[in-house]
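*Asks:* Take a look at the letters that make up each chain.
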Amino acid sequence: MLKNLINRHSRKVGLDSGTPLYTGDVPKKEVSISLIEYSQLNVEERQVSSISEAMNTCSENNITWINIDGLSNGKIMEDVGSIFKLHPLYLEDMLNTAQRPKFEDCGNYFFVILKMLYYATNKQDLNIEQVSLIVGENIVISIQEDKIGDVFDSVRERIRHNKGRIRKMKSDYLAYSLIDAIVDNYFVILEELGEKVENLETLIIKVPGPKVVEKMHYLKQKIIFLRKSIWPLREVIGMLIREENMLIQANTKIYLRDVYEHTIQVIEIIETCRDMVSGLLDIYLSSISNKLNEIMKVLTMISTIFIPLSFIASFYGMNFKFMPELDWKLGYPLVILVMLLISGTMLIFFKRKRWL
Amino acid sequence: MLKNLINRHSRKVGLDSGTPLYTGDVPKKEVSISLIEYSQLNVEERQVSSISEAMNTCSENNITWINIDGLSNGKIMEDVGSIFKLHPLYLEDMLNTAQRPKFEDCGNYFFVILKMLYYATNKQDLNIEQVSLIVGENIVISIQEDKIGDVFDSVRERIRHNKGRIRKMKSDYLAYSLIDAIVDNYFVILEELGEKVENLETLIIKVPGPKVVEKMHYLKQKIIFLRKSIWPLREVIGMLIREENMLIQANTKIYLRDVYEHTIQVIEIIETCRDMVSGLLDIYLSSISNKLNEIMKVLTMISTIFIPLSFIASFYGMNFKFMPELDWKLGYPLVILVMLLISGTMLIFFKRKRWL
Amino acid sequence: MLKNLINRHSRKVGLDSGTPLYTGDVPKKEVSISLIEYSQLNVEERQVSSISEAMNTCSENNITWINIDGLSNGKIMEDVGSIFKLHPLYLEDMLNTAQRPKFEDCGNYFFVILKMLYYATNKQDLNIEQVSLIVGENIVISIQEDKIGDVFDSVRERIRHNKGRIRKMKSDYLAYSLIDAIVDNYFVILEELGEKVENLETLIIKVPGPKVVEKMHYLKQKIIFLRKSIWPLREVIGMLIREENMLIQANTKIYLRDVYEHTIQVIEIIETCRDMVSGLLDIYLSSISNKLNEIMKVLTMISTIFIPLSFIASFYGMNFKFMPELDWKLGYPLVILVMLLISGTMLIFFKRKRWL
Amino acid sequence: MLKNLINRHSRKVGLDSGTPLYTGDVPKKEVSISLIEYSQLNVEERQVSSISEAMNTCSENNITWINIDGLSNGKIMEDVGSIFKLHPLYLEDMLNTAQRPKFEDCGNYFFVILKMLYYATNKQDLNIEQVSLIVGENIVISIQEDKIGDVFDSVRERIRHNKGRIRKMKSDYLAYSLIDAIVDNYFVILEELGEKVENLETLIIKVPGPKVVEKMHYLKQKIIFLRKSIWPLREVIGMLIREENMLIQANTKIYLRDVYEHTIQVIEIIETCRDMVSGLLDIYLSSISNKLNEIMKVLTMISTIFIPLSFIASFYGMNFKFMPELDWKLGYPLVILVMLLISGTMLIFFKRKRWL
Amino acid sequence: MLKNLINRHSRKVGLDSGTPLYTGDVPKKEVSISLIEYSQLNVEERQVSSISEAMNTCSENNITWINIDGLSNGKIMEDVGSIFKLHPLYLEDMLNTAQRPKFEDCGNYFFVILKMLYYATNKQDLNIEQVSLIVGENIVISIQEDKIGDVFDSVRERIRHNKGRIRKMKSDYLAYSLIDAIVDNYFVILEELGEKVENLETLIIKVPGPKVVEKMHYLKQKIIFLRKSIWPLREVIGMLIREENMLIQANTKIYLRDVYEHTIQVIEIIETCRDMVSGLLDIYLSSISNKLNEIMKVLTMISTIFIPLSFIASFYGMNFKFMPELDWKLGYPLVILVMLLISGTMLIFFKRKRWL
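Residue numbers (my numbering), protein chains in the order written: chain A, 116 to 471; chain B, 116 to 471; chain C, 116 to 471; chain D, 116 to 471; chain E, 116 to 471.
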């Protein structure tokens with residue numbers, strides 16, 4: 116995970132700045148562009164093959180949402196760049212999947228880079244995918260690395276069936292809805308994570324073993340990476356709220372504040388998870404120590420009772436010619452008595468020490 | 116507790132923002148609305164069945180306090196929303212029990228969301244309930260999740276019997292009194308918590324065992340959640356104090372500052388509890404180590420004394436034909452002497468090592 | 116200590132704000148009021164029975180210092196309140212011994228709440244007592260919980276014998292002198308504390324045992340509570356320095372800055388103590404581990420030498436009819452030789468492992 | 116590494132400030148000066164023997180980049196100083212290799228001091244080399260300690276072959292490109308570091324041993340020094356961005372912001388590495404504890420089974436004349452039965468304790 | 116060290132503020148005053164017996180540097196006070212050796228209090244000495260506790276032989292030079308410290324023992340005190356740089372910024388030392404655990420191999436009359452075979468567990 120993260124950066128070393136290079140791990144494949152055009156009265160959805168086609172066919176009076184799946188096709192990104200007159204560095208940022216969450220106001224449009232999180236199909240690995248939103252007047256372009264992990268379906272549904280306010284509002288509200296969908300999705304991830312933390316908790320108290328430490332370690336790593344991905348988002352949405360660009364309307368800001376609060380809650384829950392996992396190590400170490408103590412008690416009890424007894428038995432197993440006790444009639448029962456006394460004393464001693 | 120917390124969020128994923136959905140754990144039941152109307156001269160208390168009924172029957176010159184128990188009835192909350200022209204997002208905040216403590220100034224009214232804490236009837240689990248206050252001119256609406264855990268009785272008493280300043284003041288003072296009642300109640304929770312911390316302390320020093328670690332862990336978790344619930348309150352009350360809304364009068368601000376100080380004290384005590392519980396783990400681990408050392412000392416002493424003796428006994432238990440010592444008359448007493456010398460030397464060695 | 120602290124708060128739960136209730140632990144007894152009236156030329160000291168008597172008999176041109184010992188008599192505090200027209204909440208603050216250090220500017224007077232620390236007569240327990248100062252033009256009222264632990268004697272001496280500047284200055288300098296006396300007294304507490312820390316350090320290195328952990332724990336707690344009591348003082352004195360009230364003259368501010376620096380030094384020393392006590396636990400755990408290692412070495416050495424020897428002895432103690440070695444003339448001396456060789460080898464092995 | 120670092124400082128103790136003394140570890144050797152002169156249309160590269168020669172031969176209309184390898188020749192640095200009228204202290208800063216990263220605006224030029232990191236040829240030791248950039252109108256002077264570790268080749272290539280924007284821009288863009296090359300190179304270092312962290316992780320889980328702790332320790336140190344070297348860079352580049360010097364053009368600032376973001380990412384990755392290495396110690400200690408437990412289990416099982424059996428065997432090896440069991444016909448098989456019963460019981464006991 | 120520090124404070128408890136009392140540990144002895152008067156053209160050095168003598172004999176046009184060694188003579192300090200009209204509190208600060216580093220601007224002069232560090236002659240204990248500088252127009256008075264540890268010789272040399280800029284500059288540059296000499300000297304201390312840290316590191320990895328923990332502890336304490344003494348210096352020099360007093364000329368500020376950077380470097384190195392010493396404890400604990408594991412392995416191996424063998428030997432040492440094996444001809448060699456098989460199996464088991 117760490118190497119993976121660093122590699123995304125180091126793939127770019129030595130290149131000129133502003134070279135748009137996709138640095139993610141998704142294999143090169145066909146890029147798909149879907150377009151939704153809507154106004155308060157009608158919606159139209161279609162697949163297009165190029166950005167310019169999309170731009171030509173949509174009307175100025177409607178809101179147009181162009182969703183691009185796949186970053187590996189450089190041509191399409193260049194088209195996006197030329198239409199919005201994007202600075203090459205910004206284009207590079209969108210393609211560089213190691214980019215931190217970011218907000219940039221460029222006058223007639225602004226763009227936001229976010230991280231989308233989802234569990235891989237095996238429900239084990241946590242994947243991070245970069246999503247960029249370019250928001251202009253009446254247009255929103257959303258750019259994803261891959262189709263998998265798309266969380267925008269709920270937004271599409273609301274547009275299609277005119278649910279809620281979305282069809283009555285401008286492009287800034289659409290952008291908000293997309294950000295909200297991403298942040299909302301974090302809670303799904305956290306639900307999974309919370310379950311893992313609680314499972315681990317039960318496991319540690321019941322069957323502490325070396326496997327548990329490994330699990331704990333990977334969970335901790337997951338939390339570190341989650342934190343690293345989501346932390347800057349707080350600042351980004353904070354900037355959106357303070358932004359004075361005309362594109363962001365006052366009544367959308369209330370919604371952005373709501374998303375901002377959710378982000379803070381996500382961060383707080385991650386911190387809580389971290390605190391809890393840290394606490395688990397302490398429990399683990401304590402229960403390991405306890406187990407060792409228990410083992411040692413058993414060993415010590417057995418040894419302490421039998422070592423003296425064995426000594427006595429060996430003692431009377433000596434072959435000296437002149438050992439008067441051996442000839443006594445009561446020698447044998449007396450030795451048995453002494454042995455019983457010794458073990459009795461020991462047991463009382465252990466009782467007092469609370470080892471039994 | 117963690118999963119519980121996250122679930123309250125994830126129940127809302129995919130819904131349109133501003134959808135008023137109750138996300139708490141209280142089962143759906145009848146919502147009850149009680150109303151207290153008072154002025155300096157008279158008080159009237161009654162149960163009403165709907166918000167509009169409440170609004171119609173109360174006079175403009177009195178202070179009206181409407182208390183709603185139960186959030187599951189969406190209709191009532193919608194009524195509240197329409198009367199105050201509440202933004203749908205704010206209505207959602209009040210219903211979303213995962214909401215952080217919050218203050219929002221909306222011109223002709225303001226609202227505050229707080230967390231009320233109380234121990235469940237089994238005196239073990241700590242419950243968190245959300246309380247929202249909507250404060251307008253001459254009116255305060257308080258909304259609770261459930262009837263259990265109501266801490267407003269002391270305020271009701273003061274209104275009924277005209278104790279203190281409450282009947283002479285405006286709605287802002289009533290709001291202050293309600294907040295004060297909630298914050299005051301934290302001290303009751305802390306009293307319980309402090310007792311648990313001190314009990315644990317005694318337990319650890321006297322009988323450290325694996326059960327203690329578990330207890331410590333749950334106590335730590337409780338403190339983490341307490342902290343998480345109360346921390347943002349500081350900011351909320353701080354905003355109330357700095358607020359320039361006409362609804363909050365200058366002489367009420369002195370009282371708010373007092374509540375603010377109490378909140379800081381609550382947070383400081385929680386931090387102190389956390390420091391102390393952290394310290395307990397160190398004591399626990401030390402006392403476990405001490406115990407192990409003690410066990411090992413016993414084992415080592417017994418082994419070190421008897422292993423050489425046993426060897427000697429076994430030695431003279433060998434069946435060689437030609438072992439001259441066995442035929443000596445003094446062989447047996449000499450061996451006993453040697454054994455006594457060895458055990459004596461060992462005991463002196465242990466004395467010096469302070470193992471005895 | 117923790118419970119004690121919380122109880123002081125929870126005693127007030129459910130009461131109306133501004134109810135002046137003494138929440139300390141000092142039993143109810145006679146309150147004593149002493150008065151010192153002085154100008155550059157003369158001093159007069161007397162006991163008075165009520166505040167109004169004190170106010171009537173003192174001249175406007177002198178500085179009057181009224182010292183009240185004991186908070187349990189509500190009547191006197193009410194008198195103080197009515198003379199200065201103190202807000203009921205401020206009166207409550209002075210009586211509430213759980214109050215944090217505080218400064219409040221009220222125009223024609225200001226008041227400061229501080230914590231006085233002193234060791235109980237058994238030199239073990241650390242007591243915290245609240246001191247309130249009300250400072251008006253030409254008058255200072257100091258209110259203490261109890262007579263024990265009074266640190267103002269040095270100030271009284273300076274007034275009586277006209278030492279230093281005190282008789283030439285105004286009431287703000289008197290207030291400064293009282294604060295200075297309290298802060299100076301912290302160094303006495305710290306001296307005691309520093310000695311305890313250094314004693315513990317010696318103890319741990321010389322005789323680490325379970326008692327030491329307990330001592331360490333209580334010392335740590337003491338430091339936590341000390342820190343909690345003194346930390347807010349920094350802010351309070353900082354506010355006094357920045358204060359623009361006419362009562363505080365410019366040349367007194369230099370003295371206040373001096374006290375401010377002392378407070379910072381007190382806090383720094385407490386932090387240093389905390390760092391050192393934390394470090395002690397590490398030494399303790401290391402020395403415990405070392406001891407365990409030493410014990411294990413002894414056990415292992417004894418076992419490793421004698422277990423093989425015992426085996427050989429037992430071996431030749433077997434009763435098989437056909438064991439040719441037993442009949443050899445050299446069997447016995449050969450076995451002894453083998454045993455010596457084995458123990459020699461073991462000793463060399465231990466030397467190499469540095470166990471000897 | 117630590118001593119090395121401090122020595123660089125202490126070599127200067129007692130000297131007058133502004134004494135230009137090279138404090139690095141590179142042995143004294145020939146300094147080499149290379150010059151690249153370029154405009155949008157042409158490039159010229161040559162080696163020069165002195166700064167004044169370089170200054171005389173270059174045209175005012177071109178951008179001139181003078182790269183100096185080697186700091187030990189004081190003469191050349193004095194020339195640089197006199198041409199730019201550098202304050203002696205600034206000259207000293209460039210020569211003092213213990214200097215922190217720094218930015219200073221001096222009106223007609225500004226200078227930046229950075230740290231270049233590279234692995235030594237053995238791929239083990241991390242070297243730190245200081246690079247200073249002096250940027251004036253149309254001129255950039257870069258000063259390195261040594262030729263090894265030069266990371267500017269990619270920039271030279273871009274100038275030579277007119278790739279990207281570099282030939283179209285001013286000296287500020289050249290300076291940016293050089294800083295970018297250095298920061299980009301950090302990712303190569305981090306790649307190496309990340310790999311080491313992950314290798315260590317695998318090693319710890321598979322074969323925890325004393326060597327691993329040493330490795331962990333050196334890795335931790337490396338991270339501490341890396342952090343120390345890179346942390347101030349953030350501030351330096353931040354100052355460059357906020358700088359209002361005419362030399363830094365508005366459109367270059369976008370590029371500087373990009374480098375700024377990279378620096379933050381480098382710092383974040385270093386922090387992540389640190390968190391992970393810290394976590395590794397916990398795993399290590401846990402797995403050591405686990406191993407000890409496992410060893411103790413084996414010892415305890417063997418001892419607990421055989422000690423009682425040995426006792427019984429010794430018991431019937433006693434030589435008392437009157438031991439009736441010895442003469443019974445069934446004595447021997449009965450003893451064997453008892454022994455089997457005892458070991459069976461023990462095995463069941465271990466099963467229950469989950470030791471098997 | 117801790118007690119020592121606190122005592123310096125508590126010696127003053129109960130005294131009037133502004134009482135000039137020397138609180139250091141240097142025994143009372145003759146105070147020596149040396150004077151250097153210089154201008155760009157000439158230097159004159161002489162010993163004087165009183166401050167007034169010094170003031171009378173020096174010319175207004177020269178820079179006068181008066182160096183006072185020894186604080187115990189109150190008379191001289193009073194003279195200093197009266198000449199500069201120093202506020203009694205400031206005089207007290209200079210004498211109070213527990214004073215934190217401090218800067219105070221008093222219009223026609225300013226003063227700085229610093230800490231000078233030096234190793235005692237035994238090269239073990241770290242001494243802290245207070246140095247005060249009073250800087251007026253054309254005059255600098257430096258006050259030290261004692262002659263030992265004087266680090267101003269390099270400055271004297273530069274004045275005597277007119278090296279560098281010092282003779283061309285004003286009193287503020289002289290003050291800077293003195294501060295610089297003190298800060299430079301910190302690097303000498305750090306060199307010593309760094310060496311100790313690295314020695315400890317080697318020691319821990321090679322021969323971890325209880326002595327090491329003690330050494331570690333004292334080193335940690337030293338670092339804590341160093342940090343405490345130097346940390347406030349940063350702020351003090353920062354204030355000097357921001358100071359707008361005419362006495363500090365613009366071109367001296369560049370030099371002060373240089374000293375400021377050095378102070379930051381000193382603090383950074385101290386922090387690095389602290390991080391490294393903290394890391395050492397972890398290594399120590401790990402290597403102790405490793406050693407314990409190794410010891411336990413040896414014990415367990417020996418026990419596990421010989422305990423079963425001993426049992427077999429004891430078994431056939433039983434004296435039952437009817438033990439058929441004893442009479443078999445092959446009994447003895449069979450038993451030997453069984454024993455070899457058991458030990459072989461055990462050795463294979465240990466190989467697999469990697470204990471060998």
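Hint data in this document are derived by calculation from the structure and do not stem from the laboratory. Please read these numbers as outputs of a predicted model, since none were measured by experiment. Among these hints, one or two may not hold up.
Identical copies go unnamed one by one, so any copy, or any two together, can satisfy a pair.
[Stated by the list, open to error] As a list, the in silico BS3-like pairs of lysine-lysine whose alpha-carbon atoms are at most 25 Å apart:
hint : residue 1 : residue 2
1    : K285      : K436
2    : K217      : K262
3    : K118      : K321
4    : K190      : K278
*Asks:* Hint numbers the structure violates, sorted upward?
*Replies:* 1
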